[in-house]
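Visitor: Sequence:
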Amino acid sequence: MAQYEFIMAGTGGQGLVFCASFLAEAAILGGRNVVQSQSYGISQRGGFISAEVLMDDAEILFQQVVKPNLIIALNEVVGTRYDKAVAPVVYDTSLMKPRQMSNWIGIPMTEIAHELGAPKSANLAGLGAAMALTGALPLDTLLSIAERKGKPDVAKINMEVIRRGAAAAEAARGGN
8 MAQYEFIMAG TGGQGLVFCA SFLAEAAILG GRNVVQSQSY GISQRGGFIS AEVLMDDAEI
68 LFQQVVKPNL IIALNEVVGT RYDKAVAPVV YDTSLMKPRQ MSNWIGIPMT EIAHELGAPK
128 SANLAGLGAA MALTGALPLD TLLSIAERKG KPDVAKINME VIRRGAAAAE AARGGN
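Count the sequence shown with the numbering used here and you get residues 8 to 183, in order.
Hints are supplied without guarantee of correctness; some may be wrong.
[What the hints assert, rightly or not] No farther apart than 25 Å at their CA atoms in a straight line, the calculated lysine-lysine pairs in the BS3-like style are these:
{"#": "1", "residue 1": "91", "residue 2": "74"}
{"#": "2", "residue 1": "156", "residue 2": "127"}
{"#": "3", "residue 1": "127", "residue 2": "104"}
{"#": "4", "residue 1": "127", "residue 2": "74"}
{"#": "5", "residue 1": "127", "residue 2": "158"}
{"#": "6", "residue 1": "91", "residue 2": "104"}
Because the hints were derived from the structure by calculation, they are not lab data.
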């Protein structure tokens with residue numbers, strides 16, 4: 008497998024650091040080497056936050072995302088930062104204005120999470136979409152991590168959020 012680089016971006020309180028550590032844990036479970044980092048804006052709640060994950064079969068020597076394979080954007084403030092991105096950008100159509108750029112893929116992440124009664128799990132819908140679009144890890148690997156985290160009823164919901172995020176990405180890709 009090749010190296011994969013991901014950026015997850017949004018505002019404080021959207022669970023981006025959790026999302027990145029979740030992906031890093033899944034990559035480790037999948038036998039990959041991983042680096043995970045995050046940066047915070049001035050304020051934690053409501054300020055800009057980004058988290059990065061690099062995964063590779065080989066040793067990772069340069070521990071910074073340079074050429075992301077995919078960006079997950081969870082808030083409108085993020086959009087302007089990545090409007091000129093070359094990588095695919097999966098964005099939350101529940102919270103962001105429609106984008107006309109061909110590399111922007113709209114997924115109703117927050118809507119998916121709300122429908123399942125887990126509004127804080129929108130980030131996991133983004134992860135499901137990211138894996139469906141890149142193939143960086145099998146979806147089952149993400150589901151294994153979700154199954155281990157939290158109470159069984161929460162784990163079941165999070166697993167379904169991931170599945171629906173992946174399905175929405177596959178549907179969006181088919182429509183492009």
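Visitor: It remains to establish, for every hint, whether it holds in the given structure.
Guide: For each hint, the structure was consulted:
| no. | hint | result |
| --- | --- | --- |
| 1 | 91 to 74 | holds (13 Å) |
| 2 | 156 to 127 | holds (14 Å) |
| 3 | 127 to 104 | holds (20 Å) |
| 4 | 127 to 74 | violated (28 Å) |
| 5 | 127 to 158 | holds (15 Å) |
| 6 | 91 to 104 | holds (16 Å) |
Checked against the numbered hints given earlier, the structure breaks only hint 4 and satisfies all the rest.
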